[in-house]
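Residue numbers (the working numbering), protein chains in the order written: chain A, 1 to 118; chain B, 1 to 112.
Honestly, the hints are just simulated from the structure, not real lab data. Glycine included, every Cβ here is placed at the ideal spot set by N, Cα and C.
With the C-beta cut set under 8 Å, the calculated list includes, among others, these residues of chain B facing chain A: (1) Gln-41; (2) Leu-45; (3) Gly-58; (4) Phe-88; (5) Leu-90; (6) Gly-98; (7) Pro-100; (8) His-102; (9) Phe-103; (10) Gly-104; (11) Asp-105; (12) Gly-106.
Residue strings, one per chain:
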Amino acid sequence: AQKVTQAQTEISVVEKEDVTLDCVYETRDTTYYLFWYKQPPSGELVFLIRRNSFDEQNEISGRYSWNFQKSTSSFNFTITASQVVDSAVYFCALSGNMFSGGYNKLIFGAGTRLAVHP
Amino acid sequence: DGGITQSPKYLFRKEGQNVTLSCEQNLNHDAMYWYRQDPGQGLRLIYYSQIVNDFQKGDIAEGYSVSREKKESFPLTVTSAQKNPTAFYLCASSKRSGEPQHFGDGTRLSIL
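Isolated chain B (complex conformation):
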């Protein structure tokens, strides 16, 4: 079955540590996205990518970095510069910009 796979499901970060969240899709979608969800709030866009080797900052990109070396993969690194990383992170993809986005199951990141 086609879909989006995020791993791990739960992740713990120590102070000063960088961590990387994985997102893989086999839907052959061009566009991929990373969102952050805080309790009781909607989703906020961190980064998005329309094609391989290209990505743009979303509304809350500070403290995060991404890469898009392959069409299927869009990993997100939460750096030590992100002072409040505890949140639920959702990855999404779409055929192209503006098409409905399909979401993964999410990664819940907590601070140790």
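If we strip away everything but chain A, and leave its shape as in the complex, we get:
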């Protein structure tokens, strides 16, 4: 079975602190994608990143960075020098193997609510 676990329900930091959001996943597929989405208070989900299961290179985009470790089934997300505008719920998600019929489905974690205080 596929599963995504975001153990941190809520995180509270002060502006300019670095913060890491954890994501651990379970799958028996060898080919899959991992995603991070941001849900601001307005409600819509904003796509942040997609990572192919074959590509374990870490990625940096501005203040955001992602650490994908297949050995520990983790895909963690770090925000450097956090800002108030980063306050949102962040979701990690897993897609199924395209050959198993699960390619269309996104399995979401429960989300981590990040509050950044001035």
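Position chain B relative to chain A; hints supplied.
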């Protein structure tokens, strides 16, 4: 600007009533999806469609129905059989299965 439009933003349902949530996209995406989000939880897939006139059940399809008569439109009907419909409903689309999904602003459904 291209995007996904969901309407209405807020919807109230009476007992025994069917209601339809609208989802339109002008991104020329083939695949469309409906998710349900309950407070403090992640999203769960209700239905998805890869092409016009075809759709598949997701994990929680009971009490819901959909149609895909046009590429741009994927309306969701919450039927009276859905006993706990109060939730936030999100529609999404992607170029094809597996590509990043783009989401609408959501519809919040409540029971009167």
